[in-house]
Amino acid sequence: MRIAAFGASAGRRRRSVERRPLAGWAFVSPVVVLLGVFLVVPVAMALWVSFSDWNGRGSPLSSGVGFVGWKNYSDLLLGGGLATQNLGTALRNNVYYVMFVVPLQTGLSLFLAVLVNRRILRGRGFFRTAFYFPSVTSSVAITVLWLFLFSASGVVNAVLGWFGVTGPNWFSEPSGLVHLVLGALGVEQAPAVLAGHGLLGISWWQWLSGPSVAMTAFILMAVFTTSGTFMLLFLAALQQISGEIEEAALVDGASSWQRFRLVTVPMLRPTVLTVITLGTIGCWQVFDQIYTGTQGGPAKTTLTPAYLSYESAFGNQQWGRGAATAFLLFAIIVLLAGLQRFVLRERGVPRRRRFVAVGPAATTPRTPEVVPR
Amino acid sequence: MSATSIRTPGVTGAGPARRRPRRIGTIALYVALAALALIYVYPFVVQVATSFKTDADAAADPLSLLANPFTTAAYRRLFLSSDYPLWFANSVVVTLLVTAGRVFVNSLAGYALARIRFRGRGLVFAGVVAVMAVPGVVLLIPKFLVLKELGIYNTYAALVLPLVADAAGVFIMKNYFESIPASVEEAARIDGAGTFRLWWSIVLPMAVPALVTITILAFQGSWNELSHFIVASQDPSLVTLTKGVAQLTSGQLGSGTQYPLKLGAAALMTIPVAVLFFIFQRRIMDTSTGAVKG
Numbered sequence: 007m008r009i010a011a012f013g014a015s016a017g018r019r020r021r022s023v024e025r026r027p028l029a030g031w032a033f034v035s036p037v038v039v040l041l042g043v044f045l046v047v048p049v050a051m052a053l054w055v056s057f058s059d060w061n062g063r064g065s066p067l068s069s070g071v072g073f074v075g076w077k078n079y080s081d082l083l084l085g086g087g088l089a090t091q092n093l094g095t096a097l098r099n100n101v102y103y104v105m106f107v108v109p110l111q112t113g114l115s116l117f118l119a120v121l122v123n124r125r126i127l128r129g130r131g132f133f134r135t136a137f138y139f140p141s142v143t144s145s146v147a148i149t150v151l152w153l154f155l156f157s158a159s160g161v162v163n164a165v166l167g168w169f170g171v172t173g174p175n176w177f178s179e180p181s182g183l184v185h186l187v188l189g190a191l192g193v194e195q196a197p198a199v200l201a202g203h204g205l206l207g208i209s210w211w212q213w214l215s216g217p218s219v220a221m222t223a224f225i226l227m228a229v230f231t232t233s234g235t236f237m238l239l240f241l242a243a244l245q246q247i248s249g250e251i252e253e254a255a256l257v258d259g260a261s262s263w264q265r266f267r268l269v270t271v272p273m274l275r276p277t278v279l280t281v282i283t284l285g286t287i288g289c290w291q292v293f294d295q296i297y298t299g300t301q302g303g304p305a306k307t308t309l310t311p312a313y314l315s316y317e318s319a320f321g322n323q324q325w326g327r328g329a330a331t332a333f334l335l336f337a338i339i340v341l342l343a344g345l346q347r348f349v350l351r352e353r354g355v356p357r358r359r360r361f362v363a364v365g366p367a368a369t370t371p372r373t374p375e376v377v378p379r
Numbered sequence: 040m041s042a043t044s045i046r047t048p049g050v051t052g053a054g055p056a057r058r059r060p061r062r063i064g065t066i067a068l069y070v071a072l073a074a075l076a077l078i079y080v081y082p083f084v085v086q087v088a089t090s091f092k093t094d095a096d097a098a099a100d101p102l103s104l105l106a107n108p109f110t111t112a113a114y115r116r117l118f119l120s121s122d123y124p125l126w127f128a129n130s131v132v133v134t135l136l137v138t139a140g141r142v143f144v145n146s147l148a149g150y151a152l153a154r155i156r157f158r159g160r161g162l163v164f165a166g167v168v169a170v171m172a173v174p175g176v177v178l179l180i181p182k183f184l185v186l187k188e189l190g191i192y193n194t195y196a197a198l199v200l201p202l203v204a205d206a207a208g209v210f211i212m213k214n215y216f217e218s219i220p221a222s223v224e225e226a227a228r229i230d231g232a233g234t235f236r237l238w239w240s241i242v243l244p245m246a247v248p249a250l251v252t253i254t255i256l257a258f259q260g261s262w263n264e265l266s267h268f269i270v271a272s273q274d275p276s277l278v279t280l281t282k283g284v285a286q287l288t289s290g291q292l293g294s295g296t297q298y299p300l301k302l303g304a305a306a307l308m309t310i311p312v313a314v315l316f317f318i319f320q321r322r323i324m325d326t327s328t329g330a331v332k333g
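Chains A and B, in that order, give the protein sequences.
So the mapping is simple: my numbering equals the position in the first sequence, first residue as 1, plus 6.
So the mapping is simple: my numbering equals the position in the second sequence, first residue as 1, plus 39.
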């Protein structure tokens with residue numbers, strides 16, 4: 007027998023056949039138990055650790071562990087010591103990483119999608135495969151490859167050599183790009199106003215360094231490995247734009263660039279939003295590459311909050327500080343994702359368009375899972 | 040853009056099938072595509088080539104695709120005098136267990152959330168969605184804490200069980216079950232089939248497309264996983280490929296580069312996911328929504 011459903015999704019629920027509470031709970035219990043034990047409980051424990059002075063010995067729940075309130079957080083944010091300095095450096099590095107990776111990966115993946123979306127294109131399957139392949143490999147394998155490509159006597163420097171450029175020893179070069187440009191313009195010393203003041207333990211001059219040469223190599227790697235995934239998202243969305251709309255614009259006399267800018271791009275807006283949000287979240291989680299490649303060096307210029315959190319806890323046994331760093335990172339990700347949703351929210355585009363990209367992503371491997379961490 | 044989308048016949052005028060790239064724009068397109076494809080593919084080709092080089096040759100001529108002299112020293116060292124075979128075996132075991140586990144529990148839960156009415160269903164689903172939003176990287180310390188507390192740190196269970204807990208797969212399965220009609224199950228139910236038998240013999244066979252999707256995701260995800268393995272054990276006998284290769288890379292950067300060895304190790308570990316990708320390429324790359332909905 008059927009039971010009338012209630013609530014907003016009544017139509018959908020009517021498909022449910024009958025009330026079977028035992029079967030229902032039996033079916034969901036493995037997932038509920040697993041998620042509870044390995045996600046919810048651990049997060050709660052780590053939250054406690056971030057307010058404690060646990061030193062890694064014994065259980066963090068034992069009676070010998072003291073509650074220290076906001077101390078771990080204030081050491082990080084206000085202490086002014088090495089902890090603050092490390093956090094400031096890690097945040098600066100990651101901000102530059104996001105600032106470069108997100109626009110580059112979004113732009114490149116859209117560009118690739120437009121190129122391979124043409125109706126008549128020889129070798130279309132080959133090109134799509136070529137662009138997507140880096141996305142399926144592990145971040146460890148790609149990092150190993152990157153260390154070789156960007157080594158002092160590696161492939162990239164060999165190519166630069168064709169043009170008479172002597173490439174740097176990428177992964178050992180801590181100079182920031184902005185500092186290098188300013189140096190080339192003759193600004194070698196930091197202006198006193200920038201050197202004398204700062205935020206989170208590092209001076210404004212250091213904040214304005216730009217990504218280091220080593221970090222730039224990681225930036226290029228992120229763009230290389232994620233553009234294929236996002237290309238597929240854009241392709242799915244491009245195929246939703248009907249030929250009629252394109253033709254209508256054509257009849258109106260729009261040039262191909264105008265059609266792209268005024269018709270295609272606005273209709274892709276929801277997908278752009280998705281790509282930017284997923285890209286930003288992914289960028290703030292960069293860990294595997296740093297662990298495999300540089301461990302935060304040279305001169306801490308590839309240190310990221312995720313790696314710093316790991317290093318404080320597992321390396322220096324400062325578990326409270328490590329856990330607090332992780333929760334600060336969590337807060338940053340949530341805040342930025344929310345902020346982006348707000349700033350880039352849709353204006354005037356029909357709501358259902360929003361599901362163009364999300365719909366297919368639900369049943370094909372295009373969930374955030376695929377985005378390299 | 041303009042050359043091919045305007046439907047005017049070309050000079051030869053024999054219809055779209057015989058239209059040949061003539062315009063400069065089309066040529067430029069192919070040149071751009073070829074250059075980009077070269078940038079995307081060449082690193083992997085040079086990776087394989089370099090793994091057959093000597094250290095000196097790899098540094099002297101990094102761009103060359105021909106090893107001179109050709110040597111399998113890197114692979115012999117990996118297989119005969121390192122723990123690489125052990126890492127590989129561990130990765131295979133962990134990946135198979137995680138994949139089987141995820142497919143089983145996710146399809147159970149996805150079915151229940153889509154089709155079975157029970158008190159608390161909305162709450163469970165809300166919980167699954169909330170959990171999905173937690174970024175994985177903030178879970179490193181939490182996972183270590185709970186594995187210690189449960190006393191399973193340094194065991195295979197620690198490597199496998201936390202990875203089986205996966206909210207995204209539940210979401211995928213639930214969406215899929217909601218997209219297929221319930222009439223077949225209803226007929227089977229009238230015949231008196233129990234819920235579990237109904238799920239096993241009627242529902243799962245209908246859900247093969249979604250099962251393939253979460254199998255691919257689970258396999259790729261657990262094979263490529265690194266951070267969880269770092270925090271779940273420190274026993275050398277439990278090292279998986281990602282962790283082993285990462286430590287090989289970071290540990291020996293100071294003393295000689297050994298790029299052929301490292302690149303060979305990285306190339307070999309890419310093969311299983313590459314094979315999976317090429318088998319299921321059509322499904323993974325399919326961007327038309329029609330096929331996805333099954």
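Hints may be right or wrong, so weigh each one.
Claimed, not checked - For lysine to any residue, the following SDA-like pairs were computed, each having C-alpha atoms within a straight-line distance of at most 25 Å:
no.: 1; chain 1: B; residue 1: 187; chain 2: A; residue 2: 50
no.: 2; chain 1: A; residue 1: 306; chain 2: A; residue 2: 188
no.: 3; chain 1: B; residue 1: 187; chain 2: A; residue 2: 306
no.: 4; chain 1: A; residue 1: 306; chain 2: A; residue 2: 174
no.: 5; chain 1: A; residue 1: 306; chain 2: A; residue 2: 75
no.: 6; chain 1: A; residue 1: 77; chain 2: A; residue 2: 105
no.: 7; chain 1: B; residue 1: 187; chain 2: A; residue 2: 35
no.: 8; chain 1: B; residue 1: 187; chain 2: A; residue 2: 65
no.: 9; chain 1: A; residue 1: 306; chain 2: A; residue 2: 204
no.: 10; chain 1: A; residue 1: 306; chain 2: B; residue 2: 196
no.: 11; chain 1: A; residue 1: 306; chain 2: A; residue 2: 158
no.: 12; chain 1: A; residue 1: 306; chain 2: A; residue 2: 244
no.: 13; chain 1: B; residue 1: 187; chain 2: A; residue 2: 317
no.: 14; chain 1: B; residue 1: 187; chain 2: A; residue 2: 190
no.: 15; chain 1: A; residue 1: 306; chain 2: A; residue 2: 203
no.: 16; chain 1: B; residue 1: 187; chain 2: A; residue 2: 322
no.: 17; chain 1: B; residue 1: 187; chain 2: A; residue 2: 162
no.: 18; chain 1: A; residue 1: 306; chain 2: A; residue 2: 186
no.: 19; chain 1: B; residue 1: 187; chain 2: B; residue 2: 140
no.: 20; chain 1: B; residue 1: 187; chain 2: A; residue 2: 185
no.: 21; chain 1: B; residue 1: 187; chain 2: A; residue 2: 58
no.: 22; chain 1: A; residue 1: 306; chain 2: A; residue 2: 170
no.: 23; chain 1: B; residue 1: 187; chain 2: A; residue 2: 321
no.: 24; chain 1: A; residue 1: 306; chain 2: A; residue 2: 67
no.: 25; chain 1: A; residue 1: 306; chain 2: A; residue 2: 168
no.: 26; chain 1: B; residue 1: 187; chain 2: A; residue 2: 59
no.: 27; chain 1: A; residue 1: 306; chain 2: B; residue 2: 140
no.: 28; chain 1: B; residue 1: 187; chain 2: A; residue 2: 323
no.: 29; chain 1: A; residue 1: 306; chain 2: A; residue 2: 70
no.: 30; chain 1: B; residue 1: 187; chain 2: A; residue 2: 73
no.: 31; chain 1: B; residue 1: 187; chain 2: A; residue 2: 57
no.: 32; chain 1: A; residue 1: 306; chain 2: B; residue 2: 106
no.: 33; chain 1: A; residue 1: 77; chain 2: A; residue 2: 340
Unchecked claim - Using C-beta positions, here's what the derived DEER-type ranges look like:
no.: 34; chain 1: A; residue 1: 264; chain 2: B; residue 2: 67; range: 15 to 21 Å
no.: 35; chain 1: A; residue 1: 129; chain 2: B; residue 2: 120; range: 56 to 62 Å
no.: 36; chain 1: B; residue 1: 159; chain 2: A; residue 2: 264; range: 51 to 57 Å
no.: 37; chain 1: B; residue 1: 120; chain 2: A; residue 2: 28; range: 32 to 38 Å
no.: 38; chain 1: B; residue 1: 220; chain 2: A; residue 2: 35; range: 48 to 54 Å
no.: 39; chain 1: A; residue 1: 321; chain 2: B; residue 2: 64; range: 52 to 58 Å
no.: 40; chain 1: A; residue 1: 129; chain 2: B; residue 2: 239; range: 39 to 45 Å
If you're looking for bench data, these hints aren't it; they were derived computationally from the structure.
If you're wondering where the values come from, they're calculated on a predicted model, not measured in any experiment.
All residues carry an ideal CB built from backbone N, CA and C; glycine is no exception.
Original post:
Given a hinted range of 48 to 54 Å, is it respected by the beta-carbon distance of residue 220 of chain B and residue 35 of chain A?
Top reply: Violated: the Cβ-Cβ distance is about 27 Å, outside 48 to 54 Å.
Original post:
Do the alpha carbons of residue 306 of chain A and residue 170 of chain A lie within 25 Å of each other, as the hint requires?
Top reply: violated (30 Å)
**OP:** For the pair supplied as a hint, residue 187 of chain B and residue 73 of chain A, confirm whether the alpha-carbon distance does not exceed 25 Å.
**Re:** Judged against 25 Å, a Cα distance of about 20 Å means the pair holds.
Subject >> 25 Å Cα cutoff - pair residue 306 of chain A, residue 244 of chain A >> reply: Roughly 41 Å separates the two Cα atoms, so the pair is violated.
**OP:** Sort out whether residue 323 of chain A lies within 25 Å of residue 187 of chain B, counting only the CA atoms.
**Re:** holds (15 Å)
**OP:** Would you mind confirming whether the straight-line C-alpha gap from residue 187 of chain B to residue 35 of chain A stays at or under 25 Å?
**Re:** Between residue 187 of chain B and residue 35 of chain A the Cα gap is close to 23 Å, so the pair holds against 25 Å.
Subject >> Pairwise hint evaluation, residue 190 of chain A against residue 187 of chain B, where the allowed Cα distance is 25 Å at most >> reply: With a Cα-Cα distance of about 53 Å, the restraint between residue 187 of chain B and residue 190 of chain A is violated, given a limit of 25 Å.
Subject >> Restraint check for residue 187 of chain B with residue 140 of chain B, where alpha carbons must lie at most 25 Å apart >> reply: holds (22 Å)
Subject >> Satisfaction of hint between residue 162 of chain A and residue 187 of chain B, Cα-Cα up to 25 Å >> reply: Violated. Residue 187 of chain B to residue 162 of chain A sits at ~44 Å, over the 25 Å cutoff.
Original post:
Holds or violated: are the alpha carbons of residue 306 of chain A and residue 67 of chain A at most 25 Å from each other?
Top reply: violated (33 Å)
Original post:
Between residue 306 of chain A and residue 204 of chain A, is the straight-line Cα distance small enough, at 25 Å or below?
Top reply: holds (18 Å)
Original post:
Between residue 187 of chain B and residue 321 of chain A, is the straight-line Cα distance small enough, at 25 Å or below?
Top reply: Given that 25 Å is the threshold and the Cα spacing comes to 17 Å, the pair holds.
Of the numbered hints stated above, those contradicted by the structure are hints 3, 5, 6, 10, 12, 14, 17, 20, 22, 24, 25, 27, 29, 32, 35, 37 and 38, listed in ascending order.
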